[in-house]
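Taking the hints into account, I'd like the entire structure generated from these sequences.
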Amino acid sequence: MKKKRKENRRAWIIIGIIAIALTVLLSYNFFRPVSLSYKKVKAQIGNIVTYYSFSGNVSSKERQSVFSEKMVQISEINIEEGEEVAAGDVLFTTTAGDLIKSKINGEVVLINVEENQQAIPGTLLAEIVNYNNLEVIFKVDEFDVGALNTGKSVTVYIPAIKKEFSGDIHSISKEGQIANGVTFYTAAIDIEQDGNIRIGMSAEVKLISDNADNVVILPMNVIQFDEQNQPYVLKNDSKNSVVKQIITTGINDGT
-18 MKKKRKENRR AWIIIGIIAI ALTVLLSYNF FRPVSLSYKK VKAQIGNIVT
32 YYSFSGNVSS KERQSVFSEK MVQISEINIE EGEEVAAGDV LFTTTAGDLI
82 KSKINGEVVL INVEENQQAI PGTLLAEIVN YNNLEVIFKV DEFDVGALNT
132 GKSVTVYIPA IKKEFSGDIH SISKEGQIAN GVTFYTAAID IEQDGNIRIG
182 MSAEVKLISD NADNVVILPM NVIQFDEQNQ PYVLKNDSKN SVVKQIITTG
232 INDGT
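Quick note on numbering: the working numbering labels position 124 of the sequence shown as 105, and the sequence is numbered without any gaps.
Check before you lean on any hint, since a few could be wrong.
Derived DMTMM-like pairs: lysine to aspartate or glutamate, alpha-carbon spacing no greater than 25 Å straight-line [unchecked claim]:
1. 144 to 79
2. 155 to 125
3. 187 to 149
4. 120 to 207
5. 84 to 70
6. 120 to 149
7. 51 to 79
8. 84 to 171
9. 120 to 79
10. 51 to 125
11. 220 to 207
12. 133 to 173
Pair by pair, the computed Cβ-Cβ distance ranges are [stated by the list, open to error]:
13. 98 to 33: 33 to 43 Å
14. 105 to 127: 17 to 27 Å
15. 127 to 57: 49 to 59 Å
16. 225 to 32: 25 to 35 Å
17. 20 to 127: 37 to 47 Å
18. 67 to 32: 36 to 46 Å
19. 142 to 232: 26 to 36 Å
20. 64 to 193: 36 to 46 Å
21. 57 to 122: 44 to 54 Å
22. 65 to 194: 41 to 51 Å
23. 136 to 218: 38 to 48 Å
Worth flagging that the hints you see were computed from the coordinates, not collected in a lab. Note that the Cβ used here is the ideal one computed from N, Cα and C, for glycine as well.
Below, the structure is given as structure tokens:
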């Protein structure tokens, strides 16, 4: 009986020693000073530009839908689909001798009647599109529309052909359309002619929002904020110790 008690006592002593050792080890790891590592970044002098960004699509500034203005019978079709026409060219001749002419320069993309066919008033006879006079149409919400002005230069990038163009805003709608509780306005940009551009292609429009030249530039991830929401950075002092330095921030481009 005494032997069994001694064995139990010895077991408790061993458990106690292990517990004390673990406590000492954990306390040492908890209170041991943590070694912090810092990544050094050198401030640069440079320029920062921020942009408004919008999405849009390529469209033609000139498109004519040719409709019959009265009851007519087409006696002669003077054009073919894909043909280039000029303003004033005769498109159709009627049995009454009337000449239906094009009002714009462009390409015939649709002929919707046949010879000797009768057409009532309002019948679509043909479609003509000027592919040499293109624009980009884009939407602007009510919070950003104040930044736009007609004549203002913008940059247009068309991903499909991987090309960037300069253009000027030539119109901004005065009436907005409401979608999901936000009012949007439509703006249009003249773009230069390029044979690779197709109507309907997506376009990315950039307009300068703000810029600062010859300023100190720091990456956003090195700037922190204290309890008073003051921006600061960590830097080395003359003794090579890490100290906190309050800074004044300006514009940022997200980087």
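### Query
Are the Cα positions of residue 51 and residue 79 separated by 25 Å at most?
Holds, at roughly 11 Å.
### Query
Between residue 142 and residue 232, does the beta-carbon spacing fit 26 to 36 Å?
Given a distance of about 32 Å, which is inside 26 to 36 Å, the answer is holds.
### Whether the CB-CB distance between residue 65 and residue 194 falls inside 41 to 51 Å
Once the Cβ atoms are compared, 48 Å apart, the range 41 to 51 Å for residue 194 and residue 65 holds.
### Message
Is 49 to 59 Å respected by the C-beta to C-beta distance linking residue 127 and residue 57?
### Response
holds (54 Å)
#### Entry: Hint consistency between residue 84 and residue 70 [alpha-carbon to alpha-carbon, up to 25 Å]
holds (8 Å)
#### Entry: Pair hint residue 144 and residue 79, alpha-carbon separation not exceeding 25 Å
violated (46 Å)
### Task
Decide if the proposed pair is consistent with the structure: residue 120 and residue 149, CA atoms, cutoff 25 Å inclusive.
Within the cut-off at roughly 15 Å; holds.
### Task
Could you grab the alpha-carbon distance between residue 120 and residue 207 and see if it respects the 25 Å cut-off?
violated (39 Å)
### Task
Please work out if residue 84 and residue 171 have their alpha carbons no farther apart than 25 Å.
The given pair, whose Cα atoms are some 21 Å apart, holds under the 25 Å limit.
### Message
Looking only at beta-carbon atoms, does the pair residue 105, residue 127 fall within the given range of 17 to 27 Å?
### Response
At 40 Å between Cβs, range violated.
### Message
Within 25 to 35 Å: is that where the Cβ-Cβ distance between residue 225 and residue 32 falls?
### Response
Given a distance of about 33 Å, which is inside 25 to 35 Å, the answer is holds.
### Message
For residue 220 and residue 207, compute the direct alpha-carbon distance and say whether it is at most 25 Å.
### Response
holds (24 Å)
When held up to the earlier numbered hints, the structure conflicts with 1, 4, 9, 10, 13, 14, 20 and fits the remainder.
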